[in-house]
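Trainee: Sequence:
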Amino acid sequence: MFDGQRNHLNIINTDLNNIVLRYFQSPHQKRFLSMELKNKPKNKTDKILDTRIKTVTKNVHRLVKEIQKCLQLPKEKRSRLGITSIFHLTEKEFKALLNPRLADEIKTLRDIKPKNEKFTAKKFGKHSNLTLKDVRGYRCVDNIPNQQIPEEFNWANQGAVTPIRNQYKCGSCAIFSAIASLESAYLIRQPGKFSASTLDLSEQAVLDCLDYGLCQRGSFVAQSWDIVRKYRVPNEQERPYLGQQTGRCYSYPQSPITVSYWCQSFDISEEYMQRLLIQYGPLSVTMNVDSYGYPIQYLKGPFYGNCGFQPNHALTVIGWTRYYWIIKNSWGENWGIDGYLYLPRGQNKCNIQNYVGIPFIV
1 MFDGQRNHLN IINTDLNNIV LRYFQSPHQK RFLSMELKNK PKNKTDKILD TRIKTVTKNV
61 HRLVKEIQKC LQLPKEKRSR LGITSIFHLT EKEFKALLNP RLADEIKTLR DIKPKNEKFT
121 AKKFGKHSNL TLKDVRGYRC VDNIPNQQIP EEFNWANQGA VTPIRNQYKC GSCAIFSAIA
181 SLESAYLIRQ PGKFSASTLD LSEQAVLDCL DYGLCQRGSF VAQSWDIVRK YRVPNEQERP
241 YLGQQTGRCY SYPQSPITVS YWCQSFDISE EYMQRLLIQY GPLSVTMNVD SYGYPIQYLK
301 GPFYGNCGFQ PNHALTVIGW TRYYWIIKNS WGENWGIDGY LYLPRGQNKC NIQNYVGIPF
361 IV
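The opening position of the sequence shown corresponds to residue 1 in UniProt numbering, with each subsequent residue numbered one higher.
Calculated from the structure, these hints are not laboratory results.
Hints may be right or wrong, so weigh each one.
Simulated crosslink set (DSSO-like; lysine-lysine; CA at most 30 angstroms straight-line) [to be verified]:
| id | residue 1 | residue 2 |
| --- | --- | --- |
| 1 | Lys107 | Lys349 |
| 2 | Lys54 | Lys38 |
| 3 | Lys95 | Lys38 |
| 4 | Lys65 | Lys47 |
| 5 | Lys54 | Lys42 |
| 6 | Lys92 | Lys44 |
| 7 | Lys349 | Lys65 |
| 8 | Lys95 | Lys42 |
| 9 | Lys44 | Lys169 |
| 10 | Lys349 | Lys75 |
| 11 | Lys42 | Lys30 |
| 12 | Lys54 | Lys95 |
| 13 | Lys40 | Lys95 |
| 14 | Lys77 | Lys58 |
| 15 | Lys107 | Lys92 |
| 16 | Lys169 | Lys58 |
| 17 | Lys92 | Lys349 |
| 18 | Lys169 | Lys349 |
| 19 | Lys44 | Lys54 |
| 20 | Lys300 | Lys54 |
| 21 | Lys42 | Lys58 |
| 22 | Lys92 | Lys40 |
| 23 | Lys92 | Lys38 |
| 24 | Lys95 | Lys69 |
| 25 | Lys30 | Lys44 |
| 26 | Lys65 | Lys75 |
| 27 | Lys47 | Lys92 |
| 28 | Lys169 | Lys38 |
| 29 | Lys54 | Lys40 |
Take the sequences, apply the hints, and build the full model.
Mentor: Below, the structure written as structure tokens:
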């Protein structure tokens, strides 16, 4: 799939040069290249283009091998693989999308005790004004009705989920998760004032207010809500995403978008996660995406592969089907199923129930 219109290409029976050409002609890749080549001298642009072409070519060969390996698995263990919106990334660049800090941050949050009055927010960056209560967090435990859990549920069907975004080469998944759940909170709590098709908050504004080097090191979800609470956040048009930090943090007092507080819970049950989702809206979550079976970089369907336990990626759960969680990712529309990860339920796969965060706007 190249352009989001379900145009499929049989990579086994198609000329390799044609595959590479069509890949870079897609709107998504044109935007990525324009960002990567911006203000670069010609000798550098030529080198970058050459590297990208070689990377895609290498990934095509690797994908064919992974498909052949996948076909040797039992049918219930197979996933659909193909060319995705992150197909141009090297293995090193793909790993840079992930967030190795998440595991340590979650452990810190979980272990903080109310009596720890000496806690400081230095781990959360120079712009943070987190208090002990913020960092330890309100736990997401109150006012969850003991209601019947439906077999299927999806906030997107209720107009409360914005389109899939793309973090590109920056390890900013926690920002995208935090903004996605915040956008949904406004769509649910202020119906009629915003629409899912037009509400597009600026991840770049948050990125620029976090410690420099975040694209390489990652961050934590609550840091983004803290930045929005302190500075507010504009729309994407006012502060478009660059995929890198500028070092310039701004306040947006005219923006109506802010965060009042948030809650966080750890190691919860699947049923409790469902109740939180119904009650409050899409949830920021973390999971492990290290794939030991075949590369999740090539995923084009539900994920049945193996994964680890330590969280290293932040996403947003928006609902579930009878068999899968429906999880909004930030790797573009041409990854997974139209940009969504369908993850098997009932087994805490990839440690998806490790962390839940919810922003509140009033």
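Trainee: What are the numbers of the hints that this structure violates, sorted from low to high?
Mentor: Going through the list in order, the structure violates no hint and respects every one.
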